[in-house]
Structures are given as C-alpha cells and as structure tokens.
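Student: Residues per chain, in single letters:
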Amino acid sequence: MTPIDTSIYAAVSAAIRAEAQRILTEGQVSAVVGYTAARRKGSAQPVVITDANDAARLIFTPACVNNLAVYLTKAKKEIPKKGRIGIVVKGCDLKALTGLMGESQLKREDLYLIGVPCAGVLASTFDPARELTADSIAPKCSECDAHLPQGCDFLPPQTPATPALDRKYAAEIARLEALTPQERWAYWKEQFAKCIKCYACRQVCPFCFCEQCLCDRNKPQMVETTPRPAGNTAWHIVRAMHLAGRCAGCAECERVCPMDIPLNLLNRKMAKELKELYDYEAGFEVNDKGPLTSFTEKDDQSFIK
Amino acid sequence: MHPDKPKHAFEPKIIAFVCTWCTYAGADLAGTSRMQYPPNVRVLKFPCTGRIDPVFILKAFQQGADGVLVSGCHPGDCHYIAGNFHARRRFAVFRKLLEFVGVDLNRLQFSWVSAAEGGKWVEVVTELTEKVRAMGPMSEFKELALEEQWSGAINTAELKEAYNQI
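Chains P and E are the protein sequences, given in the same order. Numbers 35 to 339, taken from this note's numbering, label the letters of the first sequence in order. Numbers 203 to 368, taken from this note's numbering, label the letters of the second sequence in order.
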C-alpha cells in the first residue's frame, strides 16, 4: 500500500512543545490541551497541560485522532474555564471550533490556537503503531480539505504531503443513493439495529452540548430511549438532523461507535445536500447563522404544493 | 343526501400538521362551505409551520400514520413574519434525510394552503389520501416498533450449545 509521508510530524511535535512551553511560561494561557503518548505502543491520548515543565510531554503522531474541541464545550468540565486556553488543532478540529464560535459557545480571544500541518491520521481500526498508508488512513482524511488550519495563532512552517486518495464517504454515499428506497431502508435498518444506545456519539460530538438532550426528555417523550430498533432509528435520524449544517466532519462519532455504525455517512450526506441546496459549507468561517437558522425568500420550494 | 361512500379495502391514516392561521382556517372554510374530502385525515393544529419539528413527522410514522401532510401559510404570509421560511429550509433538508434512510417520499406531502383556499385543501388531502391508498400501509416504522433487539430466541448453533451447557 502507498505509504503517506509523515516525516514532518517529528518537527511539528518539537514546534508544538516549544510553543506550548513559551506561552505557558509567559503566562499567556492557563492551560494547553494537546496530545501525549498513551501506554500502548504508538498510541496517543488527549492531555491538559498547566505546568510549563510538562510541555515536553506533548506529541503529534498519526495516532492523534481525537478532536480536542469537545473539551472546550460547556458539556465538558475537565478544563477550568478561566483565562485563555491553548489548544492543539488539526484542520478538522479547527472547523469544529469555528462552528462553536459561530454558535456563541466560545470566543476567539479566549483561545490560543496551535495549528498542526496534518497529512492525515490513522483509522481507529488499525494498530496505533502502524505506518500511515492510503489503506490505514482515517476515511475522513481521504476527503480532507483543511490539511493546513487557517487563522491560527501559531502554525509550524512544515508543509504536509497531501496525495490524492479515494474519497471513501463520497463513494459510499453514491452507492447508497443508487439503491431503491427499500434497499436503503434495509441497509440502515441493519446498521441501526446494532446500536446499543451508549450515546458515545453524542458524548464525543463537539456540537452536542445541550444540557438536556431532546432525546433524554420523557415529558413528552419524542424518541424512545430503550435500545430497540424503533428508538435507535429515531435517535440516529434526529441526531443527523440536529447536526445538519453544523457538522464539519471530524468523524469522532464514527470512531467512538462500539458497534461500528457508519454515523459520519449520514452527516456527510447532510453536508452534501446543504452544499447543493444552499451552497453552505460548515467550518470555514465564523457565521452566527447556519443554513437552517437563516433563509432567503428565493429558497427552493419545488417539493411544496 | 350524501352520495354513498365507496368501500375500500384499505383506509390510510393521514396525519396533517397545519398552521392555525392559514391552513387550519382553510380547512375550516372547506368545512363551512360543505365541501367533501376524505375523512382519513387527522388534523393537528400548530401556531406556525415553524413550530413543526421534524421529530413530529417521525413520531407520526412510528405511531402508525401511513402518510403525513404538513401545511401552512404561503411564503410572505406568515403571521410570525418568517416562520414558514425557516420551515421551508428545515423540511427541504429533512426530506433528503428521510429519502437517504429509505422512506418513500410519496408518503410525505408539504403544501401552502391559505385561509381562503378551502378548495385547495380538499384537493391536497384527496390527492394524498388516494396516493397513499394506492401505496398500501406504511409498514417500515410499524415493523420496527414491534421488533425486539434482544429477542431471547435461541436461534443459532452457538447459543444452543451455550444454553445446553447451563
């Protein structure tokens, strides 16, 4: 399989460490959220650094898949919300932060963005110590349009290798769209039947920050909460609908799903439709109105009698 | 007085989510004008189409609706200025999602019916009812509601072996 050049990651790691140490020492930020090595060989996990001496623990490798933006939402309490916070961001993570800024969840001046020139990360199904190839790369990276995050406070000067890869989601969406409704229903029925309602997809999503989720309410109960096919289907449809126009495709939902449901497929389909209908792409600029919270008088209404 | 109602093998259940200012008044006009339309439709009144959450449509299908109609004021006529504009975008996107999941969109109809359009209401309801009647019952969501995830059935060789060892 074609290997993907990740030789710049060592230099990028060194640059992240130096920058984190500098901003912590100078007191510009109260904490830096980044990645550190985990116990399993080659693996990485998120870390919050508050002491400049610990900045040497920061790394960036193909195993750094997590979207750290989720730690800055109000649903998560791991990070004290005081002062400016430094955060290590890949292009896809920055899109989530941009969306959160548009929804008034974060302020740009409260963040110190340490960008990462990213050639791609490993799919979660592979050994974290494995070499990054066109085969082992995460599906989201095969469609990446943000290898270099824009508008960061600090960005290492390296340029990532970005070979053209097969667009895995686009191919799968096209395959499903070509089926009949009955075949698509059979496909999704099988997928949703696997769901165990662990809500890991909701927990990991930067945009699922509601303090009370509609799907947890029982008066009135809109979505059945038990892990039965009816409730599962409703949950996944509601989830896709609530993320439409907001999700920028970090694919964390799909990565954390213990039952391997292709969740990002629904999100990518919605993104594709919003691009076609309203020429809107999430994550590139801070907009206080998304495509579903705004309108024009000339919107398409060919489907309405 | 009324012509004899034709007998059908299947009477579809149609749920109509309507806005109180236009379509509800339009349906009321159809009634006071003594226009005839299929009694299959159950009308639910909302303040505005902007209040109609896509999850209501989902719930209707789950609870046994064979067809769903969503109807409100014409663009520009919204009592709350822009409710129907927001609804228009939301439903345009929700339709695409349902289509991708495999729901036949012929069962879901959107329309603009003003308070003066009693005739249009009759037309829309009749057309949807006949369309859904021809399609037969909506079984997909109903089957899901009856299915159990963990049935307890010992239906594989591995399960049988494990059961026999207890």
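Among the hints, erroneous ones may be present.
Cut-off 27 Å, straight-line C-alpha distance, at most; resulting in silico cross-link-like pairs (BS3-like, lysine-lysine) [what the hints assert, rightly or not]:
#1 E:Lys322 x P:Lys231
#2 E:Lys215 x P:Lys339
#3 E:Lys209 x P:Lys253
#4 P:Lys309 x E:Lys298
#5 E:Lys207 x P:Lys253
#6 P:Lys253 x P:Lys306
#7 P:Lys223 x E:Lys344
#8 P:Lys202 x E:Lys209
#9 P:Lys323 x P:Lys108
#10 E:Lys215 x E:Lys344
#11 P:Lys223 x E:Lys209
#12 E:Lys215 x P:Lys332
#13 E:Lys215 x P:Lys228
#14 E:Lys209 x E:Lys344
#15 P:Lys231 x E:Lys333
#16 E:Lys322 x P:Lys223
#17 E:Lys261 x E:Lys344
#18 E:Lys261 x E:Lys298
#19 E:Lys362 x P:Lys253
#20 E:Lys362 x P:Lys339
#21 P:Lys306 x E:Lys298
#22 E:Lys298 x P:Lys323
#23 P:Lys228 x E:Lys261
#24 E:Lys298 x P:Lys339
#25 E:Lys362 x E:Lys344
#26 P:Lys108 x E:Lys344
#27 P:Lys228 x E:Lys247
#28 P:Lys253 x E:Lys261
#29 E:Lys209 x P:Lys306
#30 P:Lys223 x P:Lys108
#31 E:Lys261 x P:Lys332
#32 P:Lys116 x P:Lys75
#33 E:Lys247 x P:Lys223
Since the hints were derived computationally from the structure, they do not count as laboratory data.
Student: Each hint needs a verdict: does it hold in this structure or not?
Tutor: Taking the hints in turn, this is what the structure says about them:
no., hint, verdict
1, E:Lys322 x P:Lys231, "44 Å, violated"
2, E:Lys215 x P:Lys339, "20 Å, holds"
3, E:Lys209 x P:Lys253, "40 Å, violated"
4, P:Lys309 x E:Lys298, "13 Å, holds"
5, E:Lys207 x P:Lys253, "40 Å, violated"
6, P:Lys253 x P:Lys306, "34 Å, violated"
7, P:Lys223 x E:Lys344, "13 Å, holds"
8, P:Lys202 x E:Lys209, "52 Å, violated"
9, P:Lys323 x P:Lys108, "20 Å, holds"
10, E:Lys215 x E:Lys344, "13 Å, holds"
11, P:Lys223 x E:Lys209, "35 Å, violated"
12, E:Lys215 x P:Lys332, "33 Å, violated"
13, E:Lys215 x P:Lys228, "30 Å, violated"
14, E:Lys209 x E:Lys344, "25 Å, holds"
15, P:Lys231 x E:Lys333, "36 Å, violated"
16, E:Lys322 x P:Lys223, "37 Å, violated"
17, E:Lys261 x E:Lys344, "11 Å, holds"
18, E:Lys261 x E:Lys298, "17 Å, holds"
19, E:Lys362 x P:Lys253, "41 Å, violated"
20, E:Lys362 x P:Lys339, "56 Å, violated"
21, P:Lys306 x E:Lys298, "10 Å, holds"
22, E:Lys298 x P:Lys323, "21 Å, holds"
23, P:Lys228 x E:Lys261, "21 Å, holds"
24, E:Lys298 x P:Lys339, "17 Å, holds"
25, E:Lys362 x E:Lys344, "30 Å, violated"
26, P:Lys108 x E:Lys344, "38 Å, violated"
27, P:Lys228 x E:Lys247, "37 Å, violated"
28, P:Lys253 x E:Lys261, "14 Å, holds"
29, E:Lys209 x P:Lys306, "45 Å, violated"
30, P:Lys223 x P:Lys108, "33 Å, violated"
31, E:Lys261 x P:Lys332, "30 Å, violated"
32, P:Lys116 x P:Lys75, "34 Å, violated"
33, E:Lys247 x P:Lys223, "32 Å, violated"
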